[in-house]
Amino acid sequence: RKEVEQDPGPFNVPEGATVAFNCTYSNSASQSFFWYRQDCRKEPKLLMSVYSSGNEDGRFTAQLNRASQYISLLIRDSKLSDSATYLCVVNGGDYKLSFGAGTTVTVRA
Amino acid sequence: SAVISQKPSRDICQRGTSLTIQCQVDSQVTMMFWYRQQPGQSLTLIATANQGSEATYESGFVIDKFPISRPNLTFSTLTVSNMSPEDSSIYLCSVVSELSYNEQFFGPGTRLTVL
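Those protein sequence lines, which keep their order, are chains X and R. Going left to right, the first sequence walks through residues 4 to 112 as our numbering numbers them. Going left to right, the second sequence walks through residues 169 to 283 as our numbering numbers them.
Treat the hints as calculated values from the structure; they're not laboratory data. Note that CB positions come from ideal geometry on N, CA and C, so glycine has one too. The reader is advised that the hints may include incorrect statements.
Claimed, not checked - Distance condition first, Cα-Cα at most 30 Å in a straight line; then the derived DSS-like pairs of lysine-lysine: (1) X:K48 x X:K82; (2) R:K233 x X:K45; (3) R:K175 x X:K99; (4) R:K233 x R:K175; (5) X:K82 x X:K45; (6) X:K45 x X:K99; (7) X:K5 x X:K45; (8) X:K99 x X:K5; (9) X:K48 x R:K233; (10) X:K99 x X:K48; (11) X:K48 x X:K5; (12) R:K175 x X:K48; (13) R:K233 x X:K5; (14) R:K233 x X:K99; (15) R:K175 x X:K45.
Unchecked claim - Here are a few chain R residues that face chain X, going by a calculated C-beta distance under 10 Å: (16) Q205; (17) S210; (18) G275; (19) G277.
Chain X extracted, bound-state conformation:
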């Protein structure tokens, strides 16, 4: 079983739409959680950390459910520039990150 599993998508949505996707992780001892964004042929960049209480950063909302070992990301009012691969990332300890395979989002005009 993979440590982090994500819905690969692709999610193809019109501008202005809301898109949501999630991931699950297998290590119940995981300490911290993140969403990274990776554009084509670029390195991953941190989008946001994910906290147990849920957190928002502008149009992006992340949720963590430790009991179900489940993380979600919601993007409101999608922009063309939101088109990317979104990586669910889990820190199992000592900053060793486990990456999901990524969810591809394409926002069309």
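Given chain X, work out where chain R should sit, using these hints.
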């Protein structure tokens, strides 16, 4: 944020040869890591580069194949030894910076193709 550079940015190598990838950070960082991203896949951690001592390798990766050096707090190298086409991948270094609330930053990656 930490600024990371990697050299080379890409290379095409012959089977059986070795390539050393350099990672340079513009500030002292606590931790440095090496990841691999194979075509169409996500990132996999190869090892933690420890300053002044042997790297700590993840399951499936060994020192003979991926020797790593970290002589100081801003620089590390990863060597891909005795390459085969299966080693074709993007290799990325990453760092954890205490100055940025322990956010982990990634270098631009080295795209390696083995013929």
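Structure-based check of each hint:
1. The straight-line distance between the Cα atoms of K48 (chain X) and K82 (chain X) is roughly 18 Å, inside the 30 Å bound, and the hint therefore holds.
2. A threshold of 30 Å between alpha carbons decides the hint, and for K233 (chain R) with K45 (chain X) the separation of about 25 Å falls inside it, so the pair holds.
3. Restraint check: the Cα-Cα separation between K175 (chain R) and K99 (chain X) comes to about 23 Å, which is no more than 30 Å; the hinted pair holds.
4. For the suggested pair K233 (chain R) and K175 (chain R), the alpha carbons sit about 19 Å apart, so the restraint of at most 30 Å is met.
5. Only pairs whose Cα atoms come within 30 Å are accepted, and K82 (chain X) paired with K45 (chain X) is accepted, the gap being roughly 19 Å.
6. The suggested pairing of K45 (chain X) with K99 (chain X) holds, with an alpha-carbon distance near 20 Å, which does not exceed 30 Å.
7. For the hint pairing K5 (chain X) with K45 (chain X), the CA-to-CA distance comes to about 24 Å; that is within 30 Å, so the pair holds.
8. Of the supplied pair hints, the one linking K99 (chain X) and K5 (chain X) holds, its CA atoms being roughly 15 Å apart against a limit of 30 Å.
9. Taking the CA atoms of K48 (chain X) and K233 (chain R), the gap is near 28 Å; set against the 30 Å cutoff, the hint holds.
10. Between K99 (chain X) and K48 (chain X) the alpha-carbon distance is near 16 Å, which keeps this suggested pair within the 30 Å criterion.
11. Between the alpha carbons of K48 (chain X) and K5 (chain X) the distance comes to roughly 22 Å, so the proposed pair stays at or under 30 Å and holds.
12. With a C-alpha separation of about 19 Å, the suggested pair K175 (chain R) and K48 (chain X) falls inside the 30 Å cut-off, and the hint holds.
13. Between K233 (chain R) and K5 (chain X) the alpha-carbon distance is near 24 Å, which keeps this suggested pair within the 30 Å criterion.
14. Our distance criterion of 30 Å between C-alpha atoms is met by K233 (chain R) and K99 (chain X), whose separation comes to about 20 Å.
15. Between the alpha carbons of K175 (chain R) and K45 (chain X) the distance comes to roughly 15 Å, so the proposed pair stays at or under 30 Å and holds.
16. Checking Q205 (chain R) against chain X by beta carbon gives a least distance of about 9 Å; that is within 10 Å, so the hint holds.
17. Interface hint status for S210 (chain R): upheld, as the beta-carbon distance to the closest one in chain X is roughly 4 Å, under 10 Å.
18. Residue-level restraint check for G275 (chain R) holds (minimum Cβ-Cβ distance to chain X is 6 Å; threshold 10 Å).
19. Against a cut-off of 10 Å between C-beta atoms, the interface hint on G277 (chain R) holds, since the closest Cβ of chain X lies about 5 Å away.
Going through the hint list in order, the structure satisfies each hint without exception.
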